[in-house]
Amino acid sequence: KAGVTQTPRYLIKTRGQQVTLSCSPISGHRSVSWYQQTPGQGLQFLFEYFSETQRNKGNFPGRFSGRQFSNSRSEMNVSTLELGDSALYLCASSAGPVRETQYFGPGTRLLVL
Amino acid sequence: AQSVTQLGSHVSVSEGALVLLRCNYSSSVPPYLFWYVQYPNQGLQLLLKYTTGATLVKGINGFEAEFKKSETSFHLTKPSAHMSDAAEYFCAVRDNQAGTALIFGKGTTLSVSS
Numbered sequence: 001k002a003g004v005t006q007t008p009r010y011l012i013k014t015r016g017q018q019v020t021l022s023c024s025p026i027s028g029h030r031s032v033s034w035y036q037q038t039p040g041q042g043l044q045f046l047f048e049y050f051s052e053t054q055r056n057k058g059n060f061p062g063r064f065s066g067r068q069f070s071n072s073r074s075e076m077n078v079s080t081l082e083l084g085d086s087a088l089y090l091c092a093s094s095a096g097p098v099r100e101t102q103y104f105g106p107g108t109r110l111l112v113l
Numbered sequence: 001a002q003s004v005t006q007l008g009s010h011v012s013v014s015e016g017a018l019v020l021l022r023c024n025y026s027s028s029v030p031p032y033l034f035w036y037v038q039y040p041n042q043g044l045q046l047l048l049k050y051t052t053g054a055t056l057v058k059g060i061n062g063f064e065a066e067f068k069k070s071e072t073s074f075h076l077t078k079p080s081a082h083m084s085d086a087a088e089y090f091c092a093v094r095d096n097q098a099g100t101a102l103i104f105g106k107g108t109t110l111s112v113s114s
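Those protein sequences? They're chains A and B, same order as listed.
First residue of the first sequence? That's 1 in my numbering, and the numbers climb one at a time after it.
First residue of the second sequence? That's 1 in my numbering, and the numbers climb one at a time after it.
One chain only, chain A, in its complex shape (with noise of 0.2 Å):
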């Protein structure tokens, strides 16, 4: 069974710019969660959806949004981009929410210039 894939796996962008990601998680799995990973703060959960819903969010500034589509692939956007929004982007997808383990995907490393 394939895993997690995300897409890109690196980016580089401006400050100011907005920037999407992509997660697919692994087939059958309807949960999918994203986290951030920097040096300073280690790894942050940012929010978690099932079944096209958002059911948790972490506490970040609403630049940072995201959705699921019918199919559970999964995006995350983050607008106006500030320098400290440098970091690994990690995608986590589960069988279904509380219960289930997660399983991380490669993750986007994100550079912000």
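Be a bit skeptical, because a hint or two may be false.
Said to hold, decoys possible - Going by beta-carbon spacing under 8 Å, a handful of chain A positions derived as facing chain B:
#: 1; residue: GLY40
#: 2; residue: LEU43
#: 3; residue: PHE45
#: 4; residue: GLU48
#: 5; residue: ASN56
#: 6; residue: GLY58
#: 7; residue: PHE60
#: 8; residue: GLY62
#: 9; residue: ALA95
#: 10; residue: PHE104
No wet-lab data here; the hints were simulated from the structure.
Note that the structure is a prediction, hence the values are computed from the model and not measured.
Yeah, the Cβ is synthetic: ideal placement off N, Cα and C, and Gly gets one too.
Let chain A serve as the given structure and place chain B on it in line with the hints.
Then chain B, alone, in the frame of chain A:
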């Protein structure tokens, strides 16, 4: 609020030596506990998890962890380190009543020397 503390940001061992990575958590309810490993330029790979039942959990690559409620600990061990174990290890907790968000520790980098 839940939190995870990993003692020691960097652990160095010799090949063949015991690996011990420490993790303490705080949670008001019985938590689910996880250990993930991250190799350079890769995502997180699940090593093992504790949900309920047996407190000694065996994972992949010879790793195991023991859930000790009285000590609020979930330390990761491996009897004999291999060069390929060099990576960053993350302990995580999830309140299984409050949603799926994982709360991660800051991570421990394991170095293995020959």
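Sort out which numbered hints this structure fails and list those numbers smallest first. 1, 7, 8, 9
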